[in-house]
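In order, the protein sequence lines correspond to chains A and B. Using the numbering used here, read the first sequence as starting at 1 and increasing by one per residue. Using the numbering used here, read the second sequence as starting at 338 and increasing by one per residue.
Bear in mind the hints are in silico, worked out from the structure with no lab data behind them. Keep in mind that a hint or two might mislead.
As the list claims (entries may be wrong) - EDC-like mimics (lysine to aspartate or glutamate), calculated; alpha carbons at most 16 Å apart, straight line:
| hint | chain 1 | residue 1 | chain 2 | residue 2 |
| --- | --- | --- | --- | --- |
| 1 | A | Lys324 | A | Glu236 |
| 2 | A | Lys142 | A | Glu249 |
| 3 | A | Lys151 | A | Glu131 |
| 4 | A | Lys318 | B | Glu339 |
| 5 | A | Lys142 | A | Glu131 |
| 6 | A | Lys311 | A | Glu326 |
| 7 | B | Lys353 | B | Glu645 |
| 8 | A | Lys324 | A | Glu312 |
| 9 | A | Lys61 | A | Asp50 |
| 10 | B | Lys373 | A | Glu248 |
| 11 | B | Lys373 | A | Glu249 |
| 12 | B | Lys377 | B | Glu645 |
| 13 | A | Lys318 | B | Glu539 |
| 14 | B | Lys598 | B | Glu496 |
| 15 | A | Lys151 | A | Asp72 |
| 16 | B | Lys373 | A | Glu263 |
| 17 | B | Lys605 | B | Glu581 |
| 18 | A | Lys250 | B | Glu339 |
| 19 | A | Lys193 | B | Glu449 |
| 20 | B | Lys373 | B | Glu539 |
| 21 | B | Lys606 | B | Glu584 |
| 22 | A | Lys61 | A | Asp46 |
| 23 | B | Lys373 | A | Asp50 |
| 24 | A | Lys316 | A | Asp251 |
| 25 | B | Lys528 | B | Glu496 |
| 26 | B | Lys606 | B | Glu581 |
| 27 | A | Lys309 | A | Glu249 |
| 28 | A | Lys318 | B | Asp540 |
| 29 | B | Lys526 | B | Glu496 |
| 30 | B | Lys373 | A | Asp286 |
Unchecked claim - Taking beta-carbon pairs under 7 Å as the criterion, some of the chain B residues facing chain A (in silico):
| hint | residue |
| --- | --- |
| 31 | Ser340 |
| 32 | Gly375 |
| 33 | Asn378 |
| 34 | Ile379 |
| 35 | Asn383 |
| 36 | Gly412 |
| 37 | Arg678 |
| 38 | Phe679 |
Values in this document were obtained by computation on a predicted structure and should not be read as measured data. Note that beta-carbon positions come from the ideal geometry of N, C-alpha and C, so glycine has one too.
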Amino acid sequence: MKNNKIIELEMGGGGKKSEELIGNIRKILSVKGKWKNTKDDGAVFDLSRDATCCVSTERNKLVFTTDAFIVDPLFFPGGDIGKIAICGTINDLSVMGAKPIGISLSLVIEEGFLQSDLEKIIQSINKISKEAGIPIVTGDTKVTEKGKIDKIEITTSGVGLAKEIISNDGAKVGDDIIVSGDLGEHAVALLAKRFNYQTKIKSDCQPLIAEIQSVAKYLTSCKDPTRGGMAAVLNEMAEKSKTKFVLEEKDLPYKKETVAISELLGIDVFSFPSEGRFVATVAKKDSQKVIGILKKYNKSARIIGEVQKGKEVWLKTKIGAVKKIEVPRGKLIPRIC
Amino acid sequence: MESKKIIKNIWEKAQKINRPLRFMELCGTHSEAIAKHGIKNILPKNIKLITGPGCPVCVTDQSEIDIVTGLALAGIPIACYGDATNIPGSLGSLENARQKGAQVHIVYDVIEALELSRKIPNLVFWGIGFETTTVMTAWGIQEGLAVFSSHKLFPPAMEALMANNKIRVDGFINPGHVSAIIGAEVYEKFKIPQVIAGFGAEDVLLAIEMLLDQIISGEKKVENEYTRLVKKEGNQKAQKIISEIFEIRNASWRGLGEIEKSGLKIRKKYQHLDAEFIHRDLIAKIKKEIKPRKSICRCGEVLQGLIESKQCKLFGKSCTPDNPQGACMVSREGSCNINFRFTE
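Excised from the complex, chain A in its bound form (with noise of 0.2 Å):
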């Protein structure tokens, strides 16, 4: 894939031009794993022979997930899109306590899309593939016509393996709910992007694998508050699990920088989404070692708040006053002054 080359219609049509361009793609794709990749349609696992490279019990449970990308702009402070789209399918799969074992990758390109930021945005996700030694298994090209998409659109489906299933109802009155690290910074280093600020807060996007597996025991419910950010995440959480969840305002981990670009833009904290941080709720006598174990990874790691009698999610502010933290409603569109 040279420089300055673009994507051309017909590198989506079937014939020797998307040869080429999945021959490419695939070049990159590094990672190969235990799949059987015949060059039929789709690709194989044998999970009675296979299994027990990712879990070490026979009673695994199949978990399968797909998402779709479309992120503006495409290239970020911390990552792309690729990153985000493969990151994404993995923490899916990870905050259920499974262990991804093949992603599918499937993109719709845009005429004119430049060759050289494909290659970019594939070989991001071929970056994640490996530091994860999750192999991308099978997937599809396709170009549409200019103007009918915005520059490039990625959608991944993931299956894992998991032992036991952690779910986003399982919290438990008593339970102490904590995160994995500093919240919203995706949203910081899109927004920058987006408005020309200068900031050095980069995307958190990551993969969350690791970090979930050496804590999943501990969970009693686990969620990465993507889209819709905390506000989201944690009513849902609430809800499911019948329980009210009260946050300290103080020990919630916001930069000062992304509250004073949420303040700026007039977009409430709570709503930025992280792409590599996750929420979960532990039983209190196993909070502060769970917190010592992702303080490895994360020294923000912490506990915001405690799972208690009652429904929604409420938070106590600075000033010692008690406010409701709503789901985030409507569009996200930017105020007036």
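Guided by the hints, dock chain B onto chain A, whose structure is given.
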């Protein structure tokens, strides 16, 4: 723990006064800050904070929404702030117009609108807001941006509120950013306790304490809590550019009706950039064709602090932030929107 101390003072002073008190915050950003920090929950029972007409989207009159939506539907590209796209008018909202194929661009600031106008011929920027946003619009016009002006002046609205006997207010929390432009002196004619405040939790709490102090000592003056930004004479440079571009006219406010000398019209010198002039024939036609939609939305009364959001029959039922029936539910700064999001 500065705020704890202020809260303690507020409780003591409110007890001393020992009668129900109503303070009105005039700026939407204050309403947001009050909700965000949960300030209403920690105040003594006899202090009630009510939201005034300080959200620019909320006070924009139906007729103006209809004209801009009409222009968009007639093929004129419109650029505006995000909140403005959701206000329902007789012809639907600007967002509805966009779904039907109209060109509606959301911008974050005037610079973005100006850049767009260099790429999109005939683009009209819909200028909404008080003195704070007006300055930037005025600058945009100087740079060649065509504008439909719904800009309004803040002090005349206060005057109208004061003149309404139904409204009982014991003190105003005056806007911070508007005051940074217009200064503190303009408020002196209002004989009521007023404090210009910043937007942090402590700013608002301190403003409340200062209002209580005035009531205890029987004073009715303008005090400035937001000294780090607001100067007595305001921002002279900003005032100059506003008066260079705009002249004062009467304007219709949602809920408050027509208020004398409360709106801003682009001066004749710049009429080639005034959408009202450029598209005068089209606007005349739109005005003729519009049949105003009747609604039982009570935004107007909410804006004046006459009723609480929940007293409106639509609130929380057919009117939610996802599906707003009135402007107060559209903007994040609108009191209905805030009351919906931060259930008290």
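Hints, one by one, checked against the model:
1. A:Lys324 / A:Glu236: 14 Å, holds
2. A:Lys142 / A:Glu249: 46 Å, violated
3. A:Lys151 / A:Glu131: Not OK: A:Lys151 and A:Glu131 at ~27 Å, beyond 16 Å, violated.
4. A:Lys318 / B:Glu339: 11 Å, holds
5. A:Lys142 / A:Glu131: 27 Å, violated
6. A:Lys311 / A:Glu326: Holds, at about 12 Å.
7. B:Lys353 / B:Glu645: The hint is violated at about 27 Å.
8. A:Lys324 / A:Glu312: 7 Å, holds
9. A:Lys61 / A:Asp50: 14 Å, holds
10. B:Lys373 / A:Glu248: Holds, at about 14 Å.
11. B:Lys373 / A:Glu249: 11 Å, holds
12. B:Lys377 / B:Glu645: 14 Å, holds
13. A:Lys318 / B:Glu539: 10 Å, holds
14. B:Lys598 / B:Glu496: 11 Å, holds
15. A:Lys151 / A:Asp72: At roughly 9 Å apart (the allowed maximum being 16 Å), A:Asp72 and A:Lys151 satisfy the hint.
16. B:Lys373 / A:Glu263: Roughly 11 Å separates the two Cα atoms, so the pair holds.
17. B:Lys605 / B:Glu581: This hinted pair holds, its Cα atoms lying about 11 Å apart.
18. A:Lys250 / B:Glu339: It holds: about 15 Å lies between the C-alpha atoms, which stays within 16 Å.
19. A:Lys193 / B:Glu449: Holds, because 15 Å separates the two Cα atoms, which is no more than 16 Å.
20. B:Lys373 / B:Glu539: 12 Å, holds
21. B:Lys606 / B:Glu584: 11 Å, holds
22. A:Lys61 / A:Asp46: Distance of about 14 Å is within 16 Å: holds.
23. B:Lys373 / A:Asp50: Violated - the C-alpha atoms of A:Asp50 and B:Lys373 are around 52 Å apart, more than 16 Å.
24. A:Lys316 / A:Asp251: 10 Å, holds
25. B:Lys528 / B:Glu496: 11 Å, holds
26. B:Lys606 / B:Glu581: 10 Å, holds
27. A:Lys309 / A:Glu249: 19 Å, violated
28. A:Lys318 / B:Asp540: 14 Å, holds
29. B:Lys526 / B:Glu496: 9 Å, holds
30. B:Lys373 / A:Asp286: This hinted pair is violated, its Cα atoms lying about 32 Å apart.
31. Ser340: For B:Ser340, the interface hint holds, since the closest Cβ of chain A sits about 4 Å away, which is under 7 Å.
32. Gly375: 3 Å, holds
33. Asn378: 5 Å, holds
34. Ile379: Interface hint status for B:Ile379: holds (4 Å vs cutoff 7 Å).
35. Asn383: 17 Å, violated
36. Gly412: Violated - the Cβ of B:Gly412 stays beyond 7 Å from chain A, reaching only about 20 Å at its closest.
37. Arg678: Holds - the Cβ of B:Arg678 comes within 7 Å of chain A, reaching about 5 Å at its closest.
38. Phe679: Holds, about 6 Å.
This entry does not satisfy hints 2, 3, 5, 7, 23, 27, 30, 35 and 36, going by the numbered hints stated previously.
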